[in-house]
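> Sequence:
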Amino acid sequence: MDQQLAVFIAVAEKKNFSRAAEELHMTQPAVSQYIQAFEREVGTRLLERTNKYVKLNKAGEVVYDHAKEIIGLYTKMQRLVDDLTNKTSGPLAIGASYTFGEYILPHVIANMLEDHPLVTPTISIGNTRDIAELVSKHQMDVGIVEGDFQHDKLVIEPFAEDNMFIVAAPDHRLAKMKKVIPQDLEEERWIVREVGSGTRKAADNMFESLKISPEHLMEFGSIQLIKESVEAGLGISLLSQWAINKELSAGTLKKVQVDALPFTRKFSIVTSSPYRTKALDTFLEFVRKVSSEGA
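For the sequence shown, the numbering used here begins at 7 and goes up steadily by one.
No lab work stands behind these hints: they were computed from the structure.
One should not assume that every hint holds.
As the list claims (entries may be wrong) - Lysine-lysine pairs mimicking DSBU-like chemistry, simulated, CA-CA at most 30 Å apart:
no., residue 1, residue 2
1, Lys261, Lys182
2, Lys182, Lys143
3, Lys21, Lys61
4, Lys64, Lys21
5, Lys185, Lys143
6, Lys82, Lys64
7, Lys82, Lys261
8, Lys159, Lys82
9, Lys217, Lys82
10, Lys64, Lys185
11, Lys82, Lys21
12, Lys295, Lys185
13, Lys74, Lys21
14, Lys207, Lys295
15, Lys58, Lys93
16, Lys185, Lys217
What the hints assert, rightly or not - Ranges of calculated distance between the beta carbons of each label pair, as one might list FRET restraints:
no., residue 1, residue 2, range
17, Ser255, Glu163, 28 to 38 Å
18, Ile76, Lys185, 30 to 40 Å
19, Glu200, Asn92, 35 to 45 Å
20, Val161, Thr126, 42 to 52 Å
C-beta: ideal position from N, C-alpha, C; glycine also.
All chains, please: the whole structure from these sequences, using the hints.
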């Protein structure tokens with residue numbers, strides 16, 4: 007069954023029998039036989055086939071989603087059994103939201119691999135909602151997310167606090183003011199992340215706490231793009247201290263002086279199972295050091 011699932015997933019993702027066969031180091035007829043046998047076992051056709059493409063039908067979409075989860079659980083089971091006799095090693099699929107993933111995680115991974123070089127991490131960066139969803143479906147071993155996050159299927163462990171500040175270009179009018187009031191902020195153009203991002207959630211919470219409703223919002227999908235845009239004078243933004251340290255030191259961004267800031271949020275570890283590999287436990291030890299060491 008596990009081989010059938012692997013072949014089905016490859017065909018679904020490659021949308022082509024030949025490319026799937028090449029990836030699996032199989033012949034195309036063998037791939038076709040596996041798919042036919044799998045469809046007989048499931049009891050219905052899962053793929054629409056034409057001369058130009060292969061794609062999932064409605065039943066195929068349901069099976070594909072669950073097949074990915076089953077393979078993820080099976081792989082985790084094998085790694086847990088291997089851990090009983092082996093050293094800390096093996097693959098580790100890590101997901102992280104943008105702030106932690108781009109500005110903190112590389113240092114965590116470097117420190118871990120210095121002591122445990124047999125661990126082979128893969129990293130995916132996305133917004134908080136997407137990372138949590140992948141962890142809940144066992145397609146990632148662990149996620150690091152931002153804000154006051156809740157999820158029925160996940161174990162959530164807050165482990166560090168993040169101070170956030172409003173920033174502007176050095177020549178922006180707000181950057182030159184000794185004290186800024188909420189009304190001043192409300193009139194500005196804000197550059198924010200997309201809905202589902204922890205950074206966007208923090209901005210929305212701050213707006214609510216300051217009792218302001220800015221009318222001019224621009225949504226960008228990257229913290230680096232937001233920083234570049236703020237530096238160019240396009241608007242202001244609420245960003246993590248960790249994300250703006252270099253720019254503050256270089257003087258290319260300035261903090262806006264508001265009494266209510268810094269705005270504080272949490273970073274949390276999310277996992278989907280109480281069973282953890284040695285590689286995952288080791289990674290979590292290094293992540294938790296962030297809280298004691300600070301930025």
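> With 28 to 38 Å as the target window, see if Ser255 and Glu163 comply at their CB atoms.
31 Å, holds
> Compare the distance between the alpha carbons of Lys207 and Lys295 with 30 Å, and conclude whether the hinted pair is satisfied.
With Cα atoms ~25 Å apart, Lys207 and Lys295 stay inside 30 Å; holds.
> Has the given pair, Lys185 with Lys217, been kept, meaning a C-alpha gap of at most 30 Å?
17 Å, holds
> Are the Cα atoms of Lys64 and Lys185 separated by 30 Å or less?
Violated: Lys64 and Lys185 sit about 58 Å apart, past 30 Å.
> Does Lys182 pair with Lys143 here, judged by a C-alpha cut-off of 30 Å?
Violated: Lys182 and Lys143 sit about 48 Å apart, past 30 Å.
> Against the 30 Å threshold, does the CA-CA distance of Lys64 and Lys21 hold or violate the hint?
15 Å, holds
> When you check the alpha-carbon spacing of Lys217 and Lys82, does it fall within 30 Å?
47 Å, violated
> Would you mind confirming whether the straight-line C-alpha gap from Lys58 to Lys93 stays at or under 30 Å?
48 Å, violated
> Given the hinted pair Lys295 and Lys185, is their Cα-Cα distance within 30 Å?
Not OK: Lys295 and Lys185 at ~35 Å, beyond 30 Å, violated.
> Holds or violated: Lys82 and Lys64, Cα atoms, limit 30 Å.
Status holds; Cα separation ~28 Å.
> With respect to the beta-carbon atoms only, verify the hint that Glu200 and Asn92 lie 35 to 45 Å apart.
41 Å, holds
> Quickly compare the C-alpha distance for Lys159 and Lys82 to 30 Å and report which way the hint goes.
17 Å, holds
Consistency with the previously given hints fails for numbers 2, 5, 7, 9, 10, 12, 15, 18 and 20, ordered from lowest to highest.
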